[in-house]
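Novice: Residues per chain, in single letters:
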Amino acid sequence: MGVIELHGLRKEYRRIRGGRTVAVDGLDLEVPDGGVFGFLGPNGAGKTTTIRCVLGLVRPNAGSLKLLGADVSSGLASVIGKVGSIVEQPALFPRFTGRRNLQILGRIHRVGRSTIDDVLDRVRLSERADDAVRTYSLGMKQRLGIAAALLKDPSVLLLDEPANGLDPAGIVEVRELIRSLGAEGRTVFVSSHILAEVQQTADQVAIIARGRLVKAGPVHEVLSAGRARGLIVKLADLQAGALALADAQIPAVVSGTALSVDLPPDQAERVTRVLAAKDLYLTELRPDEVDLETVFLELTKDEGLGT
Amino acid sequence: MMIVGGVLLIVVAMVIAGANSHRPTPAQVAAAEAASQKEFAMCMQGQFSGSELVGPGFQLPPGYATREEFCRDATAPQVDTGLQLRDLAMLLEHTSTFVVLLGVALAASLGGADWSAGTMTTLLTWEPRRVRVLLTRGLVVALVVAFVTFLLQAVLLGAFALAVALRGTSLGAPPGLLSTAVLTGLRVSTVAVGFGLVALAIATIGRSTVAALGVLFGYLVLLEGVIGGLRPSIQDRLLVRAGGVIVSRQPIYDQSHESFSSIGPSSLPPVLLGLTEAWIVAAVYVVALMVLALLVFRARDVN
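First to last, the protein sequences are chains S and Z.
If you read the first sequence in the numbering used here, its first letter stands for residue 42, the second for the next number, and so on.
If you read the second sequence in the numbering used here, its first letter stands for residue 113, the second for the next number, and so on.
In short, the hints are calculated from the structure, not lab data.
Backbone N, C-alpha and C define an ideal beta-carbon position, used for all residues, glycine too.
Mixed in with the good hints there might be a few duds.
Unchecked claim - Covered by chain S, per the in silico footprint, the following chain Z stretches (three or more residues, Cβ under 8 angstroms):
| no. | region |
| --- | --- |
| 1 | 218-231 |
| 2 | 238-246 |
| 3 | 401-415 |
Unchecked claim - Simulated restraints on C-beta separations:
| no. | chain 1 | residue 1 | chain 2 | residue 2 | range |
| --- | --- | --- | --- | --- | --- |
| 4 | S | 137 | Z | 404 | 57 to 63 angstroms |
| 5 | Z | 295 | S | 172 | 27 to 33 angstroms |
| 6 | S | 173 | Z | 395 | 40 to 46 angstroms |
| 7 | Z | 403 | S | 235 | 41 to 47 angstroms |
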């Protein structure tokens, strides 16, 4: 059983001038327990709407949703105490201090003062906790939002674009925080349109486009779904190397400063043997790894959404 | 901020009132008491011909149990030197409009704050039971409005009593004046709470403070002002009129009734909106709007 289970989820919005916009279109998704789950898609793919549906903020037109085994439409209140979340920008009272904001929220679930201190420390905001939120940088507000989400000591965290608008240092901080939360055994569901962010933090990933699931699974499996892997070979004389490999029936082309060899990585020793036999010595040999960005663009190209 | 502003306003008003008032001289007091005794005796004999009607078959106005009670009140000694303690309850009635408006502004702010700050999303991710959220907010709004409005009225009473002690007179103050004033203040606060809940409901439906204030202002001008003025027969269904009746405990009479123009000294025109009906009208407005707000809030997407 997944921590989050969506089956046939559909959400439409009425347009002011008539007609309907389909934000989520029959989405099926199962998020396993523990670790970081990346929810990837371009802007407007339906990520935020999906998260809002899971949190009961938005009523789906069709489909079923379960969160921690509870039906969201009827039993959300019974599990909400174990769920922390940030939806888009964390909404906080700007005139109140960071600590006061957490105290207000903490009252709902009777969270103690020491827990507030702990989460502030965890997101490294202790020193600025007694300053008004309006004086915070975007990154600090984002970290305070995560602190608010952590107040309930949740087993599931839903973070919608947590690195949005952050500078590189802030992105690294948030990334490390997400990784550590996932490593603690919590389930961290992170939506993002930033591919590198998901690739570096997530264990599992789901890619959606136009409200539909395109691909889901462990990150390495999704990466391998894009196209066949090959090998990148570097040596002093690229043309000679390409000829030697061609003589041995190994397809290879010069690609920039390296040879792109169309051979699975587990057959790399064939390349080394052929080139060494011709007195050509390698300076570099590595798998031609496909990054998530490439896979994402390839998987979503039929949708016309790859950006 | 609103409380501080209200207190400052009261202080300034009392300083100005005190500056324009002075204590009556002993001669003025003696003359007023003599005139009062004479008028009281005439009133008891049914000869009093002030603004009230006390002839044969005289109907006591609402709020009076006996003719003596009415006559004592109507003929109390008066000196026209400024601040008089006997006006304590009347002062609260006359400032009730501002107090109720303060309650409305306070409730609309409380109701609209979460929508304008975007914190409703955060709140609902902590407590997804929306009926509970709105009812709790209703309770909080009711308590805050009741506390603030009653506090400000208490400050007003205190400031007025102080100004009277320094520059006015307690001549003609009836027994039980303080309890009458306190009860008037409680009624004003209750009406403010009712209006506050209406403002909260509209702020919830419109998702903003401005929507609540705008709709209430539109209602005040269109229904209470224009339509209520053009069609007096609907006055028994209007919220502000009901609030006025509750505060003053004076019913609204049917001025369109034919007996009104040919009224004799023995009869009053029929009551259009009595005290009990006023409570019912106000309660219907509050409950209906809160139920509507609940239905809208439950069904609506929070984006």
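Novice: For every hint, state whether the structure bears it out.
Specialist: Structure-based check of all given hints:
With 3 residues having a Cβ less than 8 angstroms from any Cβ of chain S, the region 218-231 of chain Z passes the three-residue criterion, so the hint holds. With 4 residues having a Cβ less than 8 angstroms from any Cβ of chain S, the region 238-246 of chain Z passes the three-residue criterion, so the hint holds. For the region 401-415 of chain Z, the stated coverage by chain S holds: 4 residues have a C-beta nearer than 8 angstroms to a C-beta of that chain, and at least 3 were required. Judged by the Cβ atoms, the range 57 to 63 angstroms given for residue 137 of chain S and residue 404 of chain Z is violated: they are separated by roughly 31 angstroms.
Remark: the range hint 27 to 33 angstroms for residue 295 of chain Z to residue 172 of chain S is contradicted by a beta-carbon distance near 47 angstroms. At roughly 41 angstroms, the beta-carbon separation of residue 173 of chain S and residue 395 of chain Z lies within the given 40 to 46 angstroms, and the hint holds. Checked against the given bound of 41 to 47 angstroms, the beta carbons of residue 403 of chain Z and residue 235 of chain S, roughly 45 angstroms apart, stay inside it.
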